[in-house]
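Chemist: Residues per chain, in single letters:
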Amino acid sequence: MSSSSATETASEVSILKAASETGYFEKSTLFPGRGTIELSDTMSRHPAADMFRPIRITTCVRNFQLRDVVLDTDTLLLFKDGAKITETSYFAPEYAEKAAHVRTDRLVPLDGDCSYALVHNKVHGVYQHWLTQCLPAIDWSLRGRKARDVRLILPRLNAWQEETLALLGYDEIPRLPMQPNVQYRISKAEFSEYLNGRTSFGLCLSGLDTYRKLLRSIPPRKGESVVYVRNASPYYGPILNEDELVSLLRRRGIYILEVGALSIPDRFNLFRQADVVIGPHGDGLADIVFCRPGALLWEFMPNHMHNGSYNNLAHAAEVHYWGDQFEAVGEGAFREWTVDLNVVAERLQGISRRFADDHPRAAAAMAVASGPAYTRLTPLDELMLEFESLGDNCEFGLIQRVCGAEPLGLFRFAGIHLPVDIRLEKLLAALEADLAGLGSMDTVSVKLEGVDYPREFVATENTYNLMYHTFMAEDEIQAEVLRKREAIRLGFLRRKLLEDLTNGEKIWVWKSNVDVAFDRVARLVAELRRRGPNILLWVVTADVGHPPGTVERLADDWFKGYVERFAPYGAATDISPHSWLEVCQATYNLCRPAAADEVAVTLAEAPAEPLTAMDYLTRATPAAAPDQQPTPQPSSPSAWLRRLGWLRKLMWWR
Amino acid sequence: MVAVGGDCAQEKEVVLPDEASIYASLAETFSAVFERDDITLSARTSARDIDGWDSLKQIMILVSVEETFGIKFSTREMDSLGCVGDLVSLIAAKATGKP
Numbered sequence: 001m002s003s004s005s006a007t008e009t010a011s012e013v014s015i016l017k018a019a020s021e022t023g024y025f026e027k028s029t030l031f032p033g034r035g036t037i038e039l040s041d042t043m044s045r046h047p048a049a050d051m052f053r054p055i056r057i058t059t060c061v062r063n064f065q066l067r068d069v070v071l072d073t074d075t076l077l078l079f080k081d082g083a084k085i086t087e088t089s090y091f092a093p094e095y096a097e098k099a100a101h102v103r104t105d106r107l108v109p110l111d112g113d114c115s116y117a118l119v120h121n122k123v124h125g126v127y128q129h130w131l132t133q134c135l136p137a138i139d140w141s142l143r144g145r146k147a148r149d150v151r152l153i154l155p156r157l158n159a160w161q162e163e164t165l166a167l168l169g170y171d172e173i174p175r176l177p178m179q180p181n182v183q184y185r186i187s188k189a190e191f192s193e194y195l196n197g198r199t200s201f202g203l204c205l206s207g208l209d210t211y212r213k214l215l216r217s218i219p220p221r222k223g224e225s226v227v228y229v230r231n232a233s234p235y236y237g238p239i240l241n242e243d244e245l246v247s248l249l250r251r252r253g254i255y256i257l258e259v260g261a262l263s264i265p266d267r268f269n270l271f272r273q274a275d276v277v278i279g280p281h282g283d284g285l286a287d288i289v290f291c292r293p294g295a296l297l298w299e300f301m302p303n304h305m306h307n308g309s310y311n312n313l314a315h316a317a318e319v320h321y322w323g324d325q326f327e328a329v330g331e332g333a334f335r336e337w338t339v340d341l342n343v344v345a346e347r348l349q350g351i352s353r354r355f356a357d358d359h360p361r362a363a364a365a366m367a368v369a370s371g372p373a374y375t376r377l378t379p380l381d382e383l384m385l386e387f388e389s390l391g392d393n394c395e396f397g398l399i400q401r402v403c404g405a406e407p408l409g410l411f412r413f414a415g416i417h418l419p420v421d422i423r424l425e426k427l428l429a430a431l432e433a434d435l436a437g438l439g440s441m442d443t444v445s446v447k448l449e450g451v452d453y454p455r456e457f458v459a460t461e462n463t464y465n466l467m468y469h470t471f472m473a474e475d476e477i478q479a480e481v482l483r484k485r486e487a488i489r490l491g492f493l494r495r496k497l498l499e500d501l502t503n504g505e506k507i508w509v510w511k512s513n514v515d516v517a518f519d520r521v522a523r524l525v526a527e528l529r530r531r532g533p534n535i536l537l538w539v540v541t542a543d544v545g546h547p548p549g550t551v552e553r554l555a556d557d558w559f560k561g562y563v564e565r566f567a568p569y570g571a572a573t574d575i576s577p578h579s580w581l582e583v584c585q586a587t588y589n590l591c592r593p594a595a596a597d598e599v600a601v602t603l604a605e606a607p608a609e610p611l612t613a614m615d616y617l618t619r620a621t622p623a624a625a626p627d628q629q630p631t632p633q634p635s636s637p638s639a640w641l642r643r644l645g646w647l648r649k650l651m652w653w654r
Numbered sequence: 001m002v003a004v005g006g007d008c009a010q011e012k013e014v015v016l017p018d019e020a021s022i023y024a025s026l027a028e029t030f031s032a033v034f035e036r037d038d039i040t041l042s043a044r045t046s047a048r049d050i051d052g053w054d055s056l057k058q059i060m061i062l063v064s065v066e067e068t069f070g071i072k073f074s075t076r077e078m079d080s081l082g083c084v085g086d087l088v089s090l091i092a093a094k095a096t097g098k099p
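Just so you know, the sequences run in chain order C and Z.
Take 1 as the starting number for the first sequence in our numbering and just add one per residue.
Take 1 as the starting number for the second sequence in our numbering and just add one per residue.
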């Protein structure tokens, strides 16, 4: 291990380079979340409004195994061969991070027999960060492990933090009692992406599974239907009229949750039973993850503050979201602001109407809000490897790249460079001819394109009129060397394409930006059938009867998918991937039924218990006293808990 | 290289590459494909470890390996490759299977 002087700044290395092994706690999939998002006019017009749009793809969460690293206990930075691992600097103070480096005088070697999991970060003491970052990191680091194999690197914790660990059953797991102002030399360490903020503004299903696990450890008790969560010290500034606001809400029978008033289990249970959660942006809203699908989060914030983190948590839990912004006064990040009580009154009426309509169950609201229902969700990188482009242009190849899939395919980036309306016939002719002669040196040429130096070589093949980018510049390679290389490459890809067509294991994708008659595509299907047990996905743009993401089965081996739009031919990188991914997932589910037994999803299932929120609002029932003891009620497993089966199937262990 | 053969004196001797020689050959291939001489290969080396290792470079590697070792990869074999260790194992297995 290298050391350096106190004045030297450590070099940096990415965790991907530093890790000896990379595993997955969760891979990205489509997320057909049914929670709706409704923003006030002010919020929806704001440039940062995109922060509150529904996220339709879940976040990939990786876990890294690290060999021979150093942990600096003051900054929680990890070092590999003296270089700072960049991704471990989350919330480390800038001055400390800059000064941090490996110091031999502080090094304490740790027992090399077990693995040490770093499972907290510099903001672990903040409730939201503990709940959404540290607890999932701890939970997923320990699942399927024997306790003796791993030690948790944790500082001295608060009582409420210990309580959450006990609920998960991890309070007895051995820990490394972290000392300040030292550096540990660790031969086997682990670090997951929950800890560096990567999951905070995305959707994380594995985290959701941790919250469900916490709930399972708490017997359900009767709770409150509508809850207002106070924020005692908002970092962005206080609500000037909060007392007035709270008084109004109390008069309407809404339960006011004060910070620290409830134990951790009672708090989790309160949210589990709540139909509506109201509050200013703040830490306490993180418990929205314990709400049932179909509940509602109404969050408000001042107009100098935009943060979509609780919206994202609500969306992951399939909780509906309302967002409002109110005027703040002053300058800077900390400003006083006032909640418009007229808006509050209107919102409360809206809530009353909503639940009066939907009462007694939230199922109706969820059904209305539902998007395309999938019987199965596949990690996107794996899903996209099931498909192969038959050309037109490189749009589908780029969508595969977005998903982290880099398959080898002749037509992935090469297109038939002829007028659009005859490309299909040229493709057919090429397939019928087995692409004979493809890769012959005399048919391949390269030419420079562009104006500014260095220009890029573009390759053309004149038997089948293929054209594609080589991504090689004139200052990188000689034209003749490149031409030979491209000829070899084309020959290789021809061989692979013909073999793939014979194997019939790929789902072939063909699209055109112009309308193509059914009969013409049927000829392509016939050619594919002649070659093997192939499947064609013909992709067109959505129309009135076929919204984006729809897939029609035209035959056992022929599907028609509808996407939102195609990238223009002149700008192939201007892709709109989401509906493409929906089409691919739906097609895969339809034509690969053999694997469908992995996951049984019933997205239309409703919460088992009726929502009764608006009884309180409409009748203005006096609120229960804050110290009132909740009364036990029989445990009744909710339908949404039963959906955990498919959630677990989406988790990837190491 | 490891020389293997049967007891029969008439049987043609087949020279199979051992793991070290496969790595040595791959090092040359990677050096040529990426035009760098500082690449260190291990069984765990994968596309994320080497800048510019995209699908185009992958083809160049596979073409070069096929030519060097006189073998052909099937589509399924190509799709199954996740790291250099997989490639080394595959080369060794295919070389063993040769007459």
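Treat the hints with caution; some may be incorrect.
Unchecked claim - Taking lysine-lysine and the DSSO-like style, the derived pairs with C-alpha atoms no more than 27 Å apart in a straight line are:
no.: 1; chain 1: C; residue 1: 222; chain 2: C; residue 2: 188
no.: 2; chain 1: C; residue 1: 122; chain 2: C; residue 2: 17
no.: 3; chain 1: Z; residue 1: 57; chain 2: C; residue 2: 484
no.: 4; chain 1: C; residue 1: 484; chain 2: Z; residue 2: 72
no.: 5; chain 1: C; residue 1: 447; chain 2: Z; residue 2: 57
no.: 6; chain 1: Z; residue 1: 94; chain 2: Z; residue 2: 72
no.: 7; chain 1: Z; residue 1: 57; chain 2: C; residue 2: 17
Bear in mind the hints are in silico, worked out from the structure with no lab data behind them.
Chemist: Determine for every hint whether it applies to the structure shown.
Modeler: Hint by hint, here is what the structure shows:
A threshold of 27 Å between alpha carbons decides the hint, and for residue 222(C) with residue 188(C) the separation of about 46 Å lies outside it, so the pair is violated. With a C-alpha separation of about 23 Å, the suggested pairing of residue 122(C) with residue 17(C) holds against the 27 Å cut-off. Of the pairs offered as hints, the one joining residue 57(Z) and residue 484(C) holds, with about 15 Å between alpha carbons and a cut-off of 27 Å not exceeded. Simply put, residue 484(C) and residue 72(Z) have alpha-carbon atoms about 20 Å apart, close enough for the 27 Å limit, and the pair holds.
Of the pairs offered as hints, the one joining residue 447(C) and residue 57(Z) holds, with about 20 Å between alpha carbons and a cut-off of 27 Å not exceeded. In summary, the hint linking residue 94(Z) to residue 72(Z) is supported, as the alpha carbons are separated by about 8 Å, within the 27 Å threshold. Between residue 57(Z) and residue 17(C) the alpha-carbon distance is near 20 Å, which keeps this suggested pair within the 27 Å criterion.
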